[in-house]
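Protein chains in written order, with the numbering used here: chain G, 1 to 403; chain C, 1 to 165.
Among these hints, one or two may not hold up.
One side of the interface only, derived from the structure: several residues of chain C facing chain G at Cβ under 7 Å [what the hints assert, rightly or not]:
hint	residue
1	Ile17
2	Thr23
3	Pro49
4	Thr77
5	Leu90
6	Val94
7	Leu136
The following residues of chain C were derived to be distant from chain G, with all beta-carbon distances above 12 Å [as the list claims (entries may be wrong)]:
hint	residue
8	Arg33
9	Asp42
10	Cys43
11	Ser59
12	Asp63
13	Glu66
14	Leu67
15	Ser68
16	Gly69
17	Arg70
18	Pro98
19	Asp99
20	Pro122
21	Thr124
22	Gly143
I should point out that these hints are in silico values taken from the structure, not numbers from a laboratory. Since we're looking at a predicted model, the values are computed, not measured. We put the beta carbon where it would ideally sit given N, CA and C, even for glycine.
The residues making up each chain are set out below.
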Amino acid sequence: MARDTGVRDVAIAGIGATPYYKRGETAGQSITRLAGEAILAACADAGVSVTDVDGLAFYSLARAGYGEQMEAGELVETLGMRELKFSAALTGGGGGSAGAIGLARAAIVAGDASVVVTVMALQQQTRLGTVVATKAVTPVSSFVQPSGLAGPGHLMSLLTRRHMYQYGTTRDAFAEIAISTRRNALSRPKARYREPLTREQYFAARMIADPLCLYDFCLETEGAVAIVTTSIERARDLRQPPVPVVAAAHGGTREWGRAFSWFGMPDDETFASSGNKPIADRLYARAGITAKDIDVALIYDHFTPMVLMQLEDYGFCEKGEGGPFVLSGAIRYTPERKPGSIAVNTHGGQLSEAYVIGATHIMEGVEQLRGTAVNQVAGAELALVTGGPSAIPNSGLILGRDR
Amino acid sequence: MSTPALATALPADAVKIVTDPSTEPFWRAARERRLVAPSCADCGRFRLPPSPFCPHCQSAAVDWTELSGRATVYTFTVVRGFPGLPDITLVPAVVDLPDAPGARLVTNVIDVDPADVSIGTPLTVDFHPVSGGWLLPVFRVTGPRKTRPRRSGSCERRGRGRPAR
Numbered sequence: 001m002a003r004d005t006g007v008r009d010v011a012i013a014g015i016g017a018t019p020y021y022k023r024g025e026t027a028g029q030s031i032t033r034l035a036g037e038a039i040l041a042a043c044a045d046a047g048v049s050v051t052d053v054d055g056l057a058f059y060s061l062a063r064a065g066y067g068e069q070m071e072a073g074e075l076v077e078t079l080g081m082r083e084l085k086f087s088a089a090l091t092g093g094g095g096g097s098a099g100a101i102g103l104a105r106a107a108i109v110a111g112d113a114s115v116v117v118t119v120m121a122l123q124q125q126t127r128l129g130t131v132v133a134t135k136a137v138t139p140v141s142s143f144v145q146p147s148g149l150a151g152p153g154h155l156m157s158l159l160t161r162r163h164m165y166q167y168g169t170t171r172d173a174f175a176e177i178a179i180s181t182r183r184n185a186l187s188r189p190k191a192r193y194r195e196p197l198t199r200e201q202y203f204a205a206r207m208i209a210d211p212l213c214l215y216d217f218c219l220e221t222e223g224a225v226a227i228v229t230t231s232i233e234r235a236r237d238l239r240q241p242p243v244p245v246v247a248a249a250h251g252g253t254r255e256w257g258r259a260f261s262w263f264g265m266p267d268d269e270t271f272a273s274s275g276n277k278p279i280a281d282r283l284y285a286r287a288g289i290t291a292k293d294i295d296v297a298l299i300y301d302h303f304t305p306m307v308l309m310q311l312e313d314y315g316f317c318e319k320g321e322g323g324p325f326v327l328s329g330a331i332r333y334t335p336e337r338k339p340g341s342i343a344v345n346t347h348g349g350q351l352s353e354a355y356v357i358g359a360t361h362i363m364e365g366v367e368q369l370r371g372t373a374v375n376q377v378a379g380a381e382l383a384l385v386t387g388g389p390s391a392i393p394n395s396g397l398i399l400g401r402d403r
Numbered sequence: 001m002s003t004p005a006l007a008t009a010l011p012a013d014a015v016k017i018v019t020d021p022s023t024e025p026f027w028r029a030a031r032e033r034r035l036v037a038p039s040c041a042d043c044g045r046f047r048l049p050p051s052p053f054c055p056h057c058q059s060a061a062v063d064w065t066e067l068s069g070r071a072t073v074y075t076f077t078v079v080r081g082f083p084g085l086p087d088i089t090l091v092p093a094v095v096d097l098p099d100a101p102g103a104r105l106v107t108n109v110i111d112v113d114p115a116d117v118s119i120g121t122p123l124t125v126d127f128h129p130v131s132g133g134w135l136l137p138v139f140r141v142t143g144p145r146k147t148r149p150r151r152s153g154s155c156e157r158r159g160r161g162r163p164a165r
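In isolation and in its complexed conformation, chain C is listed as follows (with noise of 0.2 Å):
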């Protein structure tokens, strides 16, 4: 039987960000495979996406922190085919990250059979380019995995998608 197709992320052409004020620091620091989120100056609290005003105190003084790239999936979905992808395999997930409690990221987790992954999931951070030079983390699951066998040469998929057509 054929082996399940592993997900990937979107090809780096298929992916565009841009940014603002309050959310480019995500952005800078994830060029440099630092996964950071915004805390409160005030209140402490931290939130995602990056926003000008804390909502549990207004205040519009941020801290950034490094986190440690742990996370677990809250929820995810399974998506085969995209818009001029029509064989990509992607699982779209909410993650949950323990050192930035309050806060999610909507992500994907990459290089895992669909199968192996369920709800509580712990899965590590990566970088994936993303077109304009930038870097956009994405996680897979944390090891040692049981997963079944995988394809030979399917690992050396990470940030290798196929150009958008």
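The shape of chain G in the complex, shown without the other chains (with noise of 0.2 Å):
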């Protein structure tokens, strides 16, 4: 068994979600609806009241998906909560996803709160799938908008083809991702997708953005999701068994910078990347341990091959050994670990369960690691939960279990 020398001062104690909706049908529902009841699930699973709550640590500058904003003070009022004594949110987009846990570690830490929560919200109000189309133009966005890149995906097909075509990665390889992720949906009573995923039916799919097709790209799904983080030794009183920070990291570097907002990577390896490797890096010198130590692996998955170049960044395998490592069946999730091999995206992923924008990834990580999941990973010690690929920051989070 791993022994990390990670942080373990926090804890995750609470985790709840909505039921995950197809696009457009929480269209009745306010996002302060969907926030607090999220908020509510995760507080009654920790043991704690929601009056309690003092904390807020968002991510994507506390927007409800792209277009709609949570608001703290909204929250506080409507809930109940107290007093808060700490709001903030990291910058960015979904890449900030797992790093939102290391911003309720800091205002733990510091001793600012010590209830603190974080949740995401997603309704498409805004269509997530054409959002750089229908965004309002800027004086940087009008070097973009008019080639036509309407939305996420289309932006990623450009980082796709490099991959190809600088490491021979083909299209069987994101197929094995959408239908190993698939297979992880079909046990899970909320998934929105729980048919087989075939070959015949992933090569079939009308391209989207080429390389890209249907399958590759996540699902335009609506939810909240929210998570109550507190010190680890007030986790130990509460309800369920307290899952520890290990270790938290959130940033990039100026080579990756606004990504694919821009295409300004400079040299090739950066540009077929998902510019998680610094993030990477950091997170195991302060867990002290490698990505061998690894139990199981909970990958942002917007698209299929940014999992793949998540999977290189973050060590599972060498650069550019993305393709033949997922096609050699190593991502699919088996109950016993097998040596050389990663469980990815256990729940089914933003592929095929929802897209919260990242949360239902720390959500899964906490489970495997109460060793409550639904494809649980047995004995699992050391979850990775991933944020972006997305412009910087982008982030990482090491969960374990308490010891």
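Take the two lone chains and join them into the complex the hints point to.
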């Protein structure tokens, strides 16, 4: 068993979520309603009263998706929290999902707040799939929008083609990621897609931004997820086994910068990557472990090729070897962990369960380490959760079991 | 069999650009059908999009250099359909500019069968009308081409997209 040297001073004590809806289905509900439902569920799971929540650690600038906004004051008043002592958000977008737990930790370790909620609520009032085309034009976006790159997948198809060109990666590898993720969703009661996906279906699907087809894109779903973080001592007195934060990191290097919001990555290796390598290096150094010690990987899967590039950046295989690695079956879930393989997105991910901008990955990491996951990796001790790939900040989180 | 749809640029009224003091010289030159790029007046390195500071030496001083208009495809995608324009074929591309090393443009390859575009394809700039009287730099494959036969009349697409509705 890996003996990490991580911080372990705070822990996730509670998780909660709404049902997952398809795009448009929550139109009659407000963002505050969705977020509030998830927060109340997470507090109930933890065994804390929502009135004791005194911190909010958001990501994506506290946006609820890409157009709408979560408002701290509204949440505090509506839910009846007594006093808010910390309210902050990581900048950027989905890249900060895992890192928001690091933000919660910062508040707790600094003594600013004691029970901190991270929440994401998503309604697709602004449709994510065409968000680049429909956003108000700016002087900088005037250099990208006119090309017709309408959404995030269009942007990432450009990185994908470079990866295929540089390393010989094929669409078979992307198909394997879509298919293996779908397999994990089959047994998940809340998953949006619970029928097997075949190779034939994958290759017959329409191309959206060549080389990316329909099944390379994540779902356009709606719903909310909340996570309660508190000190490890307090977490030990609560209802659930604490899931300690072993390490958390966010950020990224200048070479990655705006990433596919601009495509300025100067060298081929960075261009055809997930931009997460600096995060991975920092995360493993803080935890005192390597990729080999991770038992289950919850990898932000907005697009299949970005899962492959993260597997490289997080050291599960060599740079450029992501294609052969996934095609070997190495990311398929099996209850017993096999050397050289790593179960990825055991919850069905954003490709097949639901897309809530990375928050479902944190929740699955917690369930794996409590030992209560639907697709449990037997005896899982360390889980990796990633955020992004996106413009800086990207992020990562290593969760453990209390000892 | 049907002739492959040639890639075009978005129709003029589907594209808006806005400028700020850093970017405006780029667009003013484009309106005169000149492709220019900013380089640092202190260390000489090119950058795009135009920005207030040189990321290498933090200088705010800029020289504007007129480029040859040559480019090569660094990467590209093929997109069929755009919100409001279900039948459009686009080849959005990231291109390297050989006479502005280190700078790239995100642009379109136009008037081409997408099957004829690959990484490394040499391109030449052209200018496509967009709203507000501006011109947008786009690129064509540098001839002579080994393309499949083209549908007659298709070469007069330049700047003549259908209006977005």
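Comparing the hints with the structure gives:
no.	hint	verdict
1	Ile17	holds (4 Å)
2	Thr23	holds (5 Å)
3	Pro49	holds (4 Å)
4	Thr77	holds (4 Å)
5	Leu90	holds (4 Å)
6	Val94	holds (5 Å)
7	Leu136	holds (5 Å)
8	Arg33	holds (16 Å)
9	Asp42	holds (18 Å)
10	Cys43	holds (15 Å)
11	Ser59	holds (16 Å)
12	Asp63	holds (19 Å)
13	Glu66	holds (18 Å)
14	Leu67	holds (15 Å)
15	Ser68	holds (20 Å)
16	Gly69	holds (17 Å)
17	Arg70	holds (19 Å)
18	Pro98	holds (16 Å)
19	Asp99	holds (17 Å)
20	Pro122	holds (16 Å)
21	Thr124	holds (17 Å)
22	Gly143	holds (22 Å)
When the structure is compared with the earlier hints, no violation turns up for any of them.
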